[in-house]
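K.L.:
Let the hints inform the model, and build the full structure from the sequences given.
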Amino acid sequence: MAEQAQVVILGGGFAGMGAAVKLKHAPVKITLIDQNDYHTFQPLLYQLATAEMEFD
Numbered sequence: 043m044a045e046q047a048q049v050v051i052l053g054g055g056f057a058g059m060g061a062a063v064k065l066k067h068a069p070v071k072i073t074l075i076d077q078n079d080y081h082t083f084q085p086l087l088y089q090l091a092t093a094e095m096e097f098d
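Quick note: the sequence shown uses our numbering, first residue 43, plus one each step.
No wet-lab data here; the hints were simulated from the structure. Careful: at least some of the hints might be erroneous.
Stated by the list, open to error - What follows is a list of derived Cβ distance ranges for each label pair:
#1 E45 to T92: 28 to 38 Å
#2 Q48 to D79: 17 to 27 Å
#3 T92 to Q48: 21 to 31 Å
#4 T92 to A47: 42 to 52 Å
#5 K64 to T92: 33 to 43 Å
#6 Q46 to T92: 17 to 27 Å
Glycine included, every Cβ here is placed at the ideal spot set by N, Cα and C.
P.N.:
What follows is the structure in structure tokens.
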């Protein structure tokens, strides 16, 4: 069996995410690399930190 191809996408902006979506069903392994950490949704961070909003 042939080894699966590896695709590296640099950047998680519109183009990088668009490429990842287009390759979603392709027979390749996808690695997305971005310099930013998008695990925090900034608009609600202050409300959660100051207990103005409940965290479920």
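K.L.:
Give a verdict on every hint.
P.N.:
Results for each hint:
no. : hint                   : in the structure
1   : E45 to T92: 28 to 38 Å : violated, 51 Å
2   : Q48 to D79: 17 to 27 Å : holds, 23 Å
3   : T92 to Q48: 21 to 31 Å : violated, 44 Å
4   : T92 to A47: 42 to 52 Å : holds, 48 Å
5   : K64 to T92: 33 to 43 Å : holds, 41 Å
6   : Q46 to T92: 17 to 27 Å : violated, 47 Å
Violated hints, in rising order: 1, 3, 6; the structure is consistent with all others.
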